[in-house]
Amino acid sequence: MNSLSQIKLIKLRDYLKTYRHFDTLTEQEKEDYLKKILEMDEAKQEEVYTWLLYEEEMEKARMLTKLKEQVDLLGSKVKLLVNKKNEGEQALKDKLEEIELQKNLT
Amino acid sequence: METPKNYTEQILESDSSPKENEEKKESPKSKLSEATKERVKIEREIDRALKSYEKALSGNFNLKTPENNEDVKALNLFKQVQILRAKLVGAKMEKLEQLVLDFNALNGRVAEFLSEENNPIEKKRIDVAFNRTNLQPEPQDDLGLTEGTKARDPEKLSDLDYLTLEDESAKNPNVVDELTDTKVDRSLEFKQAEEVQKLQDLETQKQNQVTEKLAIINSDNEPENAPRLLRQLWELSHNKMGKIASIEPHTDNASLVFEYKNGTKKIVPPSAIDKFAGRSFDRFEKKYLSKVEDFEEKVTELDFEEDLGGRADTSEITPEESKLETEPKKDDYSKLDEKSGTDVLKGKGVFKV
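Protein chains in written order, with the numbering used here: chain P, 1 to 106; chain W, 1001 to 1353.
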C-alpha cells in the first residue's frame, strides 16, 4: 500500500536519512521504518508525515534562534560602529569649535 | 519553544499517536501550525533586524561613493548583510546551519574592524584632517588632556582625545599606549611625518612660484615692469636659438632648462642668467651653457627669489662680442663648435629632463 504522494514519500525517505535522530540507525533499519509507515493506513501516514513536518519546523526554529543570537550580536556591533563614527564627528566638531572660539578670544 | 519529543519515532515504534498528543488532545496539524508560526516569527525578526542594519549603515556612511576606510568597510559589511539576508529566505536546515557559521564569521570580521578603529593609523588620519584646518590644538595639561576633554566624561575619551594622548607620546617616548598596554616610541614617526609635510608644502609653494614665473617668461609680451631677472629670462626664452623649456624647482635649488631648437636641453642656474644682462646670447651660450658642470659646482644659493635681486654682470661688451649679436643661421651650432672648441650637442653637460 502506498497512499502517500511520491513527494511525501521522497520527503520521508530524505527525513529518515538526514534527521539526526535516526543517525544511529543502519540503512536497513531506516528502510524498515519506511516500510512500516507505508504499511499504515492513509490517516496514520498523514499523521506521521505531519509530525515529521512539525519536527522539522521545530528544528528550524531552534536553528533560527541560534541565528538570531548571531544577528543580534552583529546588530550591537553595527550600532557601535555607527555611534563611534558619530561620536568621532561630534568630537571633531566640538574640538574645532573650541579652537575657533579660542582663536577669536585671542 | 521547547524541544519536541520525537513524535514520529513514537508513532513508528508504537503504531499509535503520541501519548503526549493524546493527553493534550492536540492535532498534529495544530502543532505544526504553531511551530510554523514560531519559525516565521523568528525569520521575520531576523529579516527586520538585518534590514535595520542595512539602513543604519547606508544612512551613516557614504556607501555610494566611499570616501574613506570607514566607508569602504561599512560598504563591505552592508553587502555581506544583504547576501546573508537573501540566503535566509526559504533556507533549509543545512543552509541555516551554514548561515549561523557565516554570521559568526562576519561578527569576527566586524570585531576586527572595530578594534582597528582605535588603531594609531586611524587616529593619525584624524590628525592629518586636523592639520588641514591650519588650526592649532588647544593647550594640554601634563596628562595630555585639554580643557575640552576634561569637560567631557574622562571615561569616554573619543578617538580625538586619544589623538592628543598620542601627541604626548611623540614628546615622551615612554608613554604607554592605553590600547595595547605597551610602551611606544612614535616620536620618530611623527618627526618624519612633519618633515615630509614641510617638504611637500615647500615644494608646492616653489612649484606655484615657478609656474607663475614661467608664464611671464613664455608670454609673447615683454614683461617691462617685471623684475630684472624675469626680463632677462624672457629675452633668453625668446631667443631664436631656443627657449626656456622649464624651471626645475628643488628645495634648495632652482634651475632653468634651456632647450635648443634641435631638442637638446641644458640646465642653467638662475645666477648664470643674471649675468646674461646686456650680453649677446651667443656669448652667454658659449660662456655658460657649454659649462653647465662648472655652474653646478659654483652655485650654492639658488633660491629663485633671491636670484631676482642678484647683481648683473656689468662688464662692458667688447667690440668682438657685439659682432656676435647677429641673427642665428641654420648652421649656428657648427659655428658654435668652432668658436668654443666643444661639441654642445654631444659634449658634457647635456641633460635630459
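Among the clues, some could well be false.
In silico EDC-like cross-links for lysine to aspartate or glutamate, where the CA-CA straight-line distance does not exceed 20 Å [said to hold, decoys possible]:
1. W:1265 with W:1224
2. W:1051 with P:39
3. P:66 with W:1102
4. P:66 with W:1038
5. P:11 with W:1054
6. W:1087 with W:1102
7. P:84 with W:1054
8. W:1092 with W:1102
9. W:1243 with W:1212
Treat the hints as calculated values from the structure; they're not laboratory data.
Pairwise hint evaluation, residue 1102 of chain W against residue 1087 of chain W, where the allowed Cα distance is 20 Å at most
holds (11 Å)
With a cut-off of 20 Å on the C-alpha distance, tell me whether residue 11 of chain P and residue 1054 of chain W pass.
violated (36 Å)
Quick one, are residue 1243 of chain W and residue 1212 of chain W close enough, alpha carbons at most 20 Å?
Given that 20 Å is the threshold and the Cα spacing comes to 17 Å, the pair holds.
Next pair to validate is residue 66 of chain P with residue 1102 of chain W; report whether the Cα-Cα distance is within 20 Å.
OK: residue 66 of chain P and residue 1102 of chain W at ~12 Å, within 20 Å.
Check whether the Cα positions of residue 1051 of chain W and residue 39 of chain P lie no farther apart than 20 Å.
Roughly 48 Å between the alpha carbons, so the hint for residue 1051 of chain W and residue 39 of chain P is violated.
Against the 20 Å threshold, does the CA-CA distance of residue 66 of chain P and residue 1038 of chain W hold or violate the hint?
holds (14 Å)
Restraint status (C-alpha distance of residue 1265 of chain W to residue 1224 of chain W at most 20 Å)
violated (27 Å)
When you check the alpha-carbon spacing of residue 84 of chain P and residue 1054 of chain W, does it fall within 20 Å?
Given that 20 Å is the threshold and the Cα spacing comes to 17 Å, the pair holds.
Given the hint that residue 1092 of chain W pairs with residue 1102 of chain W, test it: the Cα-Cα distance must not exceed 20 Å.
It holds: about 15 Å lies between the C-alpha atoms, which stays within 20 Å.
The earlier numbered hints that this structure contradicts are 1, 2 and 5.
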